[in-house]
Amino acid sequence: QKEVEQNSGPLSVPEGAIASLNCTYSDRVSQSFFWYRQYSGKSPELIMSIYSNGDKEDGRFTAQLNKASQYVSLLIRDSQPSDSATYLCAVKSGSARQLTFGSGTQLTVLP
Amino acid sequence: DVKVTQSSRYLVKRTGEKVFLECVQDMDHENMFWYRQDPGLGLRLIYFSYDVKMKEKGDIPEGYSVSREKKERFSLILESASTNQTSMYLCASSFSGSGQPQHFGDGTRLSIL
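From first to last, the protein sequence lines stand for chains A and B.
Quick note on the numbering used here: the first sequence kicks off at 1 and runs consecutively.
Quick note on the numbering used here: the second sequence kicks off at 112 and runs consecutively.
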């Protein structure tokens with residue numbers, strides 16, 4: 001059973017701080033990693049993808065991947081109240097057509 | 112921009128009814144997916160399709176069927192709706208090949224009374 005684990009939270013950070021969201025996965029042949037943001041009552045929205053070890057930056061978001069440790073994280077710099085949402089980690093293995101999703105981490109950014 | 116359109120945002124049906132949820136994508140994606148999402152249970156895959164007329168069961172296919180007669184359209188069918196199928200239903204689509212993310216529709220909140 002391929003598993004993707006996330007801390008469910010809730011995670012609270014003050015406005016302007018760095019929010020750090022973590023995800024571990026069990027399948028060593030996983031190749032593609034995605035972060036989705038889901039606001040309450042809305043559908044998931046893709047915000048980051050990462051495929052190689054290291055960091056990938058996009059604006060205030062940085063995704064970090066460490067395949068040896070089977071670990072992927074999302075950092076949100078200068079957190080804003082509008083970043084308050086549930087963040088879903090998703091992993092795709094080799095030839096699989098589907099993604100395996102974590103259960104999500106609920107983030108609250110306090111004004 | 113990818114557009115995945117679900118036919119209804121909110122739907123109320125009665126127990127025992129046959130319910131159709133429709134999803135259309137405009138990006139010529141090969142893969143289409145149906146999920147349900149419930150509080151505390153996360154996203155659960157019901158069925159997916161990787162080509163016209165092709166389908167595979169996901170994690171929770173019981174009580175559901177699907178149809179994909181055209182590449183752009185993927186339908187979820189509740190053969191005889193039950194109250195435990197009250198949920199948020201999400202459709203997604205993607206290209207085939209490694210590294211391809213899924214793109215979601217807005218979701219259908221289905222209530223079975």
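Just to be clear, a hint being listed does not mean it is correct.
[As the list claims (entries may be wrong)] Below, computed lysine to aspartate or glutamate pairings styled on DMTMM-like, alpha-carbon distance capped at 25 Å:
#1 K42(A) / D112(B)
#2 K182(B) / E5(A)
#3 K114(B) / E5(A)
#4 K56(A) / E183(B)
#5 K168(B) / E5(A)
Since the hints were made in silico from the structure, they are not lab data.
Pair hint K168(B) and E5(A), alpha-carbon separation not exceeding 25 Å: The hint holds at about 23 Å.
Does the structure keep K182(B) and E5(A) at a Cα separation of 25 Å or less? Not OK: K182(B) and E5(A) at ~33 Å, beyond 25 Å, violated.
Straight-line Cα separation of K114(B) and E5(A) no greater than 25 Å? Status violated; Cα separation ~29 Å.
Keeping to a limit of 25 Å between CA atoms, is the pair of K42(A) and D112(B) held or broken? Roughly 18 Å between the alpha carbons, so the hint for K42(A) and D112(B) holds.
Pairwise hint evaluation, E183(B) against K56(A), where the allowed Cα distance is 25 Å at most: With Cα atoms ~32 Å apart, K56(A) and E183(B) exceed 25 Å; violated.
Checked against the numbered hints above, the structure breaks hints 2, 3 and 4 and satisfies the rest.
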